[in-house]
Structure formats: C-alpha cells, structure tokens
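Line by line, the protein sequences give chains A and B. Under this note's numbering, think of the first position of the first sequence as 1, with each following residue one higher. Under this note's numbering, think of the first position of the second sequence as 541, with each following residue one higher.
The hints are simulated quantities; they were obtained by calculation from the structure and are not laboratory data. Backbone N, C-alpha and C fix where the C-beta goes; we use that ideal spot for every residue, glycine too. Misleading hints may appear alongside valid ones.
Unchecked claim - Negatives, chain A to chain B, calculated, CB over 10 Å:
no.: 1; residue: V109
no.: 2; residue: R204
no.: 3; residue: E330
no.: 4; residue: M374
no.: 5; residue: R402
no.: 6; residue: E498
As the list claims (entries may be wrong) - Lysine-lysine pairs mimicking DSS-like chemistry, simulated, CA-CA at most 30 Å apart:
no.: 7; chain 1: B; residue 1: K603; chain 2: A; residue 2: K64
no.: 8; chain 1: A; residue 1: K182; chain 2: B; residue 2: K613
no.: 9; chain 1: A; residue 1: K311; chain 2: B; residue 2: K603
no.: 10; chain 1: B; residue 1: K607; chain 2: A; residue 2: K311
no.: 11; chain 1: A; residue 1: K182; chain 2: B; residue 2: K603
no.: 12; chain 1: A; residue 1: K311; chain 2: B; residue 2: K615
no.: 13; chain 1: B; residue 1: K613; chain 2: A; residue 2: K140
no.: 14; chain 1: B; residue 1: K615; chain 2: A; residue 2: K193
no.: 15; chain 1: A; residue 1: K140; chain 2: B; residue 2: K603
no.: 16; chain 1: B; residue 1: K613; chain 2: A; residue 2: K186
no.: 17; chain 1: B; residue 1: K603; chain 2: A; residue 2: K221
no.: 18; chain 1: B; residue 1: K613; chain 2: A; residue 2: K193
no.: 19; chain 1: A; residue 1: K293; chain 2: B; residue 2: K603
no.: 20; chain 1: B; residue 1: K607; chain 2: A; residue 2: K219
no.: 21; chain 1: A; residue 1: K131; chain 2: B; residue 2: K607
As the list claims (entries may be wrong) - A few chain A residues that face chain B, going by a derived Cβ cut-off under 7 Å, partial list only:
no.: 22; residue: E120
no.: 23; residue: P121
no.: 24; residue: H125
no.: 25; residue: I179
no.: 26; residue: G180
no.: 27; residue: Y181
no.: 28; residue: P303
no.: 29; residue: A304
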Amino acid sequence: MINGADIMVKCLEAEGVSVVFGYPGAAICPFYDSLYDSSIRHILVRQEQNAAHAANGYARASGKPGVCVATSGPGATNLITGIATAYTDSIPMVAITGQVRSDLLGRDVFQEADITGACEPFVKHSYLVSKTEDLPRVFKEAFHIASTGRPGPVLIDIPIDIQQNEIKEFVYPQTVDIIGYKPNTKGHQVQIKRAIELIKSSTRPVIVAGGGVLSSGSKLKLVEFAKKTGIPVVSTMMGIGVMPSDHELYLGMLGTHGKATANRALHEADLVIVCGARLGDRAVAAPDQMSSKSTIIHIDIDPAEIGKNVKTTIPIVGDMKNVVNKLLEEIGEYHISNAWGETLKRWKQELYRVPPTFDGFVEPRAFISKLSSMLPSKAILVADVGQNQIWCANNFKIKEGRFLTTGGMGTMGYSVPAAVGAKIARPTREVMAVCGDGSFQMNMNELGTIVQNNISVKIIIMRNTRLGMVRELQDKLYDHRHSATILDTKPDFLKIAEAYDIPCAMASSNEEAEKYAEQMLKTDGPFILVCNVYPDTPSI
Amino acid sequence: MQQYTLYILVENQAGVLSKISGLFSRRGYNIDSLAVGVTNDPKVSRITVVANGDEYVVEQIEKQLNKLIPVIKVKRLVEGEFVSRELCLIKVHSSAAKRFEIIKIAELMQAKVVDVANTTVTLEYCETVEKISTLLELLKPYGIREIVRTGTIAIEKGVSESSK
Chain A
1 MINGADIMVK CLEAEGVSVV FGYPGAAICP FYDSLYDSSI RHILVRQEQN AAHAANGYAR
61 ASGKPGVCVA TSGPGATNLI TGIATAYTDS IPMVAITGQV RSDLLGRDVF QEADITGACE
121 PFVKHSYLVS KTEDLPRVFK EAFHIASTGR PGPVLIDIPI DIQQNEIKEF VYPQTVDIIG
181 YKPNTKGHQV QIKRAIELIK SSTRPVIVAG GGVLSSGSKL KLVEFAKKTG IPVVSTMMGI
241 GVMPSDHELY LGMLGTHGKA TANRALHEAD LVIVCGARLG DRAVAAPDQM SSKSTIIHID
301 IDPAEIGKNV KTTIPIVGDM KNVVNKLLEE IGEYHISNAW GETLKRWKQE LYRVPPTFDG
361 FVEPRAFISK LSSMLPSKAI LVADVGQNQI WCANNFKIKE GRFLTTGGMG TMGYSVPAAV
421 GAKIARPTRE VMAVCGDGSF QMNMNELGTI VQNNISVKII IMRNTRLGMV RELQDKLYDH
481 RHSATILDTK PDFLKIAEAY DIPCAMASSN EEAEKYAEQM LKTDGPFILV CNVYPDTPSI
Chain B
541 MQQYTLYILV ENQAGVLSKI SGLFSRRGYN IDSLAVGVTN DPKVSRITVV ANGDEYVVEQ
601 IEKQLNKLIP VIKVKRLVEG EFVSRELCLI KVHSSAAKRF EIIKIAELMQ AKVVDVANTT
661 VTLEYCETVE KISTLLELLK PYGIREIVRT GTIAIEKGVS ESSK
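So here's chain A without its partners, still in its complex pose:
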C-alpha cells in the first residue's frame, strides 16, 4: 500500500524534478513528511509568492517546469501573484497546494480557500484532486500541459485526506491523452510558402522576436535566419537575449521604453515578422497604426495570440523551432538589399547618446553597461520592475547569457526570488538580481533563503529613494504631484545585509560601483551592492 503523499513525491521523481520551492502548513504536511525521505531538494522560501517566483526563475534558467508548493488558504492565496506572473509571461510551472479535508470543502473551515476558483484566470489548467487514484494521471497531465504548447502554470490542489489515503500501488502513466489539448506545433506549409514570398518581395523587413523564441529554444536558428537574410531584429522585453546586444543586425528592445532605433525601424518597415510575441501595449502602443502601414507575418504557438493585438496578413501557428527551420529551408540563398541595412546602421549611430552623470551618484545606465562587460558571457541578469528594469533592458549587453524579467505581468519583487531559482538551476553561472529600493523591499525577506542555502546570487540595489517609474509618470502626466512615490532614506540596506551576514558595499559614483562590482564578482557566495542613484534619472 502507498499513500497519496508518497505518490506525489514519486510523481515528481518520475518527472525528473530535483528541486521544489515551498512553504509548509497543516494541509500539506503529509506531502512534506514524504518529501523528508526523498532525494528532492526543498528550498524553504520566506513567503509563498517567492516560491512561485523562484520556480519561475528556475524554469526559465533550466528549461524545465519549476515546482512550487504551499499549504491551503493563505499559503495558496499568497501564491497567486506568482502564478499570475508565470501565466502572463508564459513560464512552465506546476504549483501544488494542500487543501482542507475533502468532506469539509465548502464549509469555510480553518485555512480553506477555493484556490482553483481564485486562480482560474491565471492558470493554463488546474485540478482539484478528488481521488488518490487520480494523482499519477493528474501529475503526468500537469507537467505535460505546463511544458508543451504555450508554456504556463498548472495548479494541483490536493485535500489532505487525498494525501493520506492509501491505494494498492503506484503506477506512473507513460503517455498523456487529453482529448481537448493537442497543440499544433508543425506550422502550415502553405502559409510558410506565402510568408517566404512576402519576405522576398519586401524591401524593409524587420523581425520582432519575443519570449516565445527563447522558450521554444529557437534562438540560434532565428539568428541564423537573420544572418542569412540580413533582416534586422528587434526584440520585446521578454525577447531580450535572442541575439547578442552588439550584433550588427540587432536594434534593441522596442516599445514605450525601448530603443529609438528599434521603434523607428518598426515604424518604417514594410514587413514585420512577429516571432513568439503577443505585442502587448508596452511593445506596440498603437497596433492599428502598425498593421495599416505594413504587412505582418505572425508566428506563434498560441493561435489566440494571432490577430488579438495586431491585424495579421499571414498567420502561422506552430512551434517557433519548426517554423524557423522550415523558413530557413525554404528561403534558399536570399539576402535583402543592402539599402535598408545601411539606413538602420546610420540610425543606430545617430541616436546614440551618453547619459549625463551627477556628483555623488551612480549613473545606472552607464553602470549596467559597464557591468555587462565585467560579467562572464553566459551570465544571467534578473531585472526587477520599475526604472531598474528599463535601465537593464536597454543597457545590459547580453552575450550568450539570459535576461530574466517579468515583461508581461510586471511584478515588483520578482528579481531576488527569481534569481534564487535561476542560480539553483544554473549553479555555475553568474546570477545577478538588479532591483530598485522599492522592489527590493517587496521581497527582501528572501535574504533569509539565500543565506540559509548559501545561494550565490549578487544583488544590486539601485537606490533612488523613490518609486521612480511611477514618479516619472507623475512628472509627465500628473503635474509633478509626487503622490506616494517618495521612499524614506531608511532602511539602511548595509545593516540589513549585515544582519544576514551577507557581504555588502555602497557606491556613490560609477568608479566606486565598478570597484565594488569587481569585489562582488570575486566574492564566493551572495553579495549586496547598493548604488545611490540620482532621483531624477529618467528611465531611458
């Protein structure tokens, strides 16, 4: 005989899960008891939301679904922001929650919350398990759904009695058969042929690369396609890293906070090839204008994204890898005329400007740019949300590494827990979290997790004692009325670092910042670098 909790652990083992992020509680105790004897590593976070963010960072760095665990009621509801973040940003994740006894469901007992109901809009799928026998199938399906098609979070809510009940034996299913879930990955041959014709007849084509290029693992293929054809590439925030920043065909991030060259190229283009991007409002503020001026080829694994924000001439539903492979085969020896490339090169030079510096402060854009050159080529930079995100997005010179941030949901406090997950997935890579003093204070409790597990993440706090992004918005749209956007000069982050025994430094000039960054990179284990930033520093 085997109980449900042991089955849950065996399912995770069968899925090759080596680490889970979580926080225990009464309703998930049977699972934690079984986990105690397992080889699966458990990382105890300091708040459930961060378990989800850590699983998110883990998933993005490893390419495998991240797993997070919480108890019923408040534990589960604390996960929601993390689940919603994974949903909007299309990150594969399996979230496991304990639930009150199934015969008490619906009676509002202690720590009961309808978490499958509450998460409905934010999950790719969810299960409220009603029989212990169902657990193996549910786990198999959950991992399959989370990691195939357009990736996303799947929630499994398991009442405590289902974890305790025993069944005869554990058999993990080999295959999955969900009648209503068969993602189309191939890419329609006729549409691909039509796309090739359009590409060959265009004079000013641009590729817009989104997060889908990275999650499908087609980055190198897309670069090959761009190089072969000479078509320039812009990326969305989620797509940063599809090409090395200094690649001559790469024009930077597009959108409200993007690079002028990228936006200008998109504006002037006669053909836009959208790859694994949904083109949300931050990427393209006026999608109607875009589609009225140019023809659009939209490639995405999720058919619902095609035509949702931008009118599409040629829709191609499929896995980016398959589609780009076919495009490469079909295009033959083709290169766009040089005139467009030359124009873009000229714009790139015209539009470059050096940000001004202020005495007694670190210029964050110049520092991020400098820091990039100090980092190993495969370094992972996790940016939080706010001005720090934009500074990083536009100035981190990515090579073969990753840029992780929540471009879709924009969840403040993401960077530190996500960096924890990324570092655990890729222990040999340099992992850096960059946040503001606002976003750091949202999840700085995770310093406890970092210290307890000696996770070597480097944290850079851009301290401008403001909620800079909103403040900037208030300057532009609300007559400089800085309502609730001034942070105190407290806390003293160095003392906080000290309290956790984490080495730290504070910089008030770029020279200092660079000096400390060097020290930080030499330090084995975590490090906190606080950069004092001039409060009026703009985002771009």
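Given the coordinates of chain A, assemble chain B onto it according to the supplied hints.
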C-alpha cells in the same frame, strides 16, 4: 454588433462550466443565453452559447475557448444551416373569465397548457426565440407572473461533422 450561435463540446468534469462562463465575463464577451447538457457520449457535454459582438470578438471567443483544456471543440453555426429551439414555461395571470382566451392563444401558437389554477394558467412552449417573443407579446396584456427559459439549444441541419 451581431448575434451568433456556437456550440462547445467539453469534457464532462467538475468546474468546466465555471471555466467557460468565467472566460466570457473576464474577457468582456456578452452572452445572451447558455445551455448545457450531456451528449450521446456521457463523458462529453455540449454547451450552446448565443452571444453578440463583432467579427473580432467572435474569433477571439472561439480561440480563447479552444485554449481551455477541457474544451474539445468549438464551432460557430452558420445562419440558416442550423435549427434552434428554446423551452420556456410561462405562468400567466388569468381570471376565470379570461381563461379560455388564454387557452385559445396557446392553441393558436401551439403552446401546451401544463397547469391551470384559480388565478393562473401555465404554458409550456418549445420554439425559436422569435416565436417565443411573439407568444409573450400576446400574453402580456393578461399579466405574466413568471417566465422560466432554458436558453437556446441548436443543432446543424443534415449530416454535420459532429453527427458522423
């Protein structure tokens, strides 16, 4: 804005209806009616939705519904190529003097009298939405006490994909 009818085949499992209705409400799609029942395969339920919106909205609804894991199939029905019906029960105020007038109207419209009481007559009517409106108009002057409607169900004419 245009009205359209679509059917959704779903796996017959707990919570599926709330997944579907939740999707409609959170994405701001308007439903005029929704009816659900099991099909000849007991593991599959069929939901008929009558909704309104422009072409963009309809296409989005179909695509978003298809993303739900328990949804097996979504099909928009083409005007003129399907038969639709709605069942309704109508309780009409009726004094003894007016009773026969009401029963006469029911006969003319081919509605069935299912209950007669001292002050009410209850009719059963299974028809298209248009005919139901006509009957209700005719009954209005007598005073309608209560109406219960099932929502529209629809089926394609002839041999369709789902009846093969």
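Hint check results:
1. V109: Nearest chain B Cβ is 20 Å from A:V109, so the label holds.
2. R204: Its Cβ never comes within 10 Å of chain B, the nearest being 28 Å, so this holds.
3. E330: Holds: least Cβ distance 27 Å, greater than 10 Å.
4. M374: holds, 43 Å
5. R402: holds, 27 Å
6. E498: holds, 46 Å
7. B:K603 / A:K64: holds, 27 Å
8. A:K182 / B:K613: holds, 11 Å
9. A:K311 / B:K603: holds, 15 Å
10. B:K607 / A:K311: holds, 20 Å
11. A:K182 / B:K603: OK: A:K182 and B:K603 at ~14 Å, within 30 Å.
12. A:K311 / B:K615: Given that 30 Å is the threshold and the Cα spacing comes to 22 Å, the pair holds.
13. B:K613 / A:K140: With Cα atoms ~23 Å apart, B:K613 and A:K140 stay inside 30 Å; holds.
14. B:K615 / A:K193: holds, 28 Å
15. A:K140 / B:K603: holds, 25 Å
16. B:K613 / A:K186: This hinted pair holds, its Cα atoms lying about 20 Å apart.
17. B:K603 / A:K221: holds, 28 Å
18. B:K613 / A:K193: Roughly 28 Å separates the two Cα atoms, so the pair holds.
19. A:K293 / B:K603: Within the cut-off at roughly 26 Å; holds.
20. B:K607 / A:K219: This hinted pair holds, its Cα atoms lying about 26 Å apart.
21. A:K131 / B:K607: holds, 26 Å
22. E120: holds, 5 Å
23. P121: holds, 5 Å
24. H125: Given a least distance of 4 Å, the restraint on A:H125 holds.
25. I179: holds, 5 Å
26. G180: Interface hint status for A:G180: holds (4 Å vs cutoff 7 Å).
27. Y181: Given a least distance of 5 Å, the restraint on A:Y181 holds.
28. P303: holds, 6 Å
29. A304: Holds, about 4 Å.
Comparing the model with each earlier hint shows no violations; every hint is respected.
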